[in-house]
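Work the whole structure out from these sequences, hints included.
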Amino acid sequence: MINLIKAEIYKIFHKKSTFITLIIGFLFLFLVNILYQNLNTLMFKNYQIYINSAEDSLKEIDSTNSDTINLNTEIRVYSLLKDYHHAWQEDMILNDYYSLAYNYYNALFYHDSNVDSYLNLLNNFEEKIKNNDLAYFINEKLDESKNLLKEYENNEINMNSEELAINKEMENRKIELYNYVLNHPELKSNDYLYNAYSEMVRDLNTIINYEKNPNEEDKEIVKNYYENKYILDNNTDTKENSTIRMVFLNLYSECEIIILVFIIMIAGGIISEEFNKGTIKNLLTLPFERWKIYFAKLIAALLMLPFIAIFLFLSELIIGGLLYGYSSLSIPFVSYSVDLGKYYTLNAISYYFLIFSSKLPMLILLLMLSFSLSTIILSTSFSITITFLGYLASSIINSFITYPKLAFLKFFVTPNWDFSYYLFGLSSPYNISIERAIITCIIYFLIMLIGSLIVFKKRNIKNI
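For any residue, its number in our numbering is found by taking its place in the sequence shown, counting from 1, and adding 65.
Because the hints were derived from the structure by calculation, they are not lab data. Heads up, the beta-carbon is just placed ideally off N, CA and C, and yes, glycines get one too. Some clues are possibly wrong.
Ranges between beta-carbon positions, derived for each pair [as the list claims (entries may be wrong)]:
#1 I512 with T344: 27 to 33 angstroms
#2 N496 with N220: 41 to 47 angstroms
#3 Y408 with L92: 35 to 41 angstroms
#4 S464 with N68: 42 to 48 angstroms
Put into structure tokens, the structure is as follows:
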């Protein structure tokens, strides 16, 4: 049996199509790394283009047109953004500065007496931005929150007790975050720290409401809030894009199509090609029972799953190492479970193999489908095509499960074969338990296995 398996593996690696697919996979992975390496550049906004566009529009309209307010505002805002790119500077300019600039040009257009006051505020704002004075802006926000808190505590605002409690909690947490920024001046230059802080402030209202009334809709925001809290607490950039670590975290999803092409192509031709070329006669004349030949071919195809996983891992280790180095691999993957209230941390390489393992039921079943069709129909192209169509149709089938009348689709294989649903304290979006998912996958696998094995054992080869 072992010798049969070795012989099948030997055949697989003596096919040109196998090596072509692997070369394409390697080149594709190289392209993925190049894109990740340049992701920050691709995301960078060329504000000069926006300025030119606004200036051109301004030339085409009359000065009495109120649209000049927005256009002049955009020109002033983008002109400042063009030279100041730290996360905190962009945040302040796009929000607070934009409002000031709009008010100034609005006052100018309508000859408002406050125009000089707005201009002074704008000039002061620009000076603080140029001096990299984040503390000035945070102290302003801190004073605003303290004043609001006093009003809430003195019950100067007409609110019911529940609203009052929520707002007091909101301002207390804002004050805590503002003080954190003032005590950590490194936020000025470390964009990932400022972005984490900024998102936490943005999500505070949702967090406080969720703590009082938990609901499914807000879970993703709560999850993101605590993952940002991890960044601040550990001073660790877990969201950096241009690193080998981030490529490893997304390696399976980026290369899934390559994996599928590789395994489906092999499984779809490992038997049918032997029959079509007539070489199956030579194989069946050997002193082996048919079932052993069948399983040798199936096992050889299944062994391509760990092979392609390791191939992609080693390829990324080489390509990513050359482009990024390996220092980022010390930063863990972090996921917060809202239901369990705990963090899951894992190194990037282990995460890749864990995700690949959680996708194995799907990969094995698709491989088995291609293998079975190849055995029954003896057409490589048909087997590969139908298997890919099944894979593509899976997301469509799964989308119908939410309809009560189509709930029976839960018994179909596609909503059951992705075990990544159950990682990190999560659960299936289709309310399918992991035990039921395992049983369903086994049943479908056995149906295809037994059916194709019976056909293979009874196949007449006289006319081949």
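Okay, the hints, checked on the actual structure:
A hinted range of 27 to 33 angstroms for the beta carbons of I512 and T344 is consistent with their spacing of about 28 angstroms. A C-beta distance of roughly 45 angstroms is found between N496 and N220, which places it inside the suggested range of 41 to 47 angstroms. A hinted range of 35 to 41 angstroms holds for the C-beta pair Y408 and L92, which are about 37 angstroms apart. A hinted range of 42 to 48 angstroms holds for the C-beta pair S464 and N68, which are about 47 angstroms apart.
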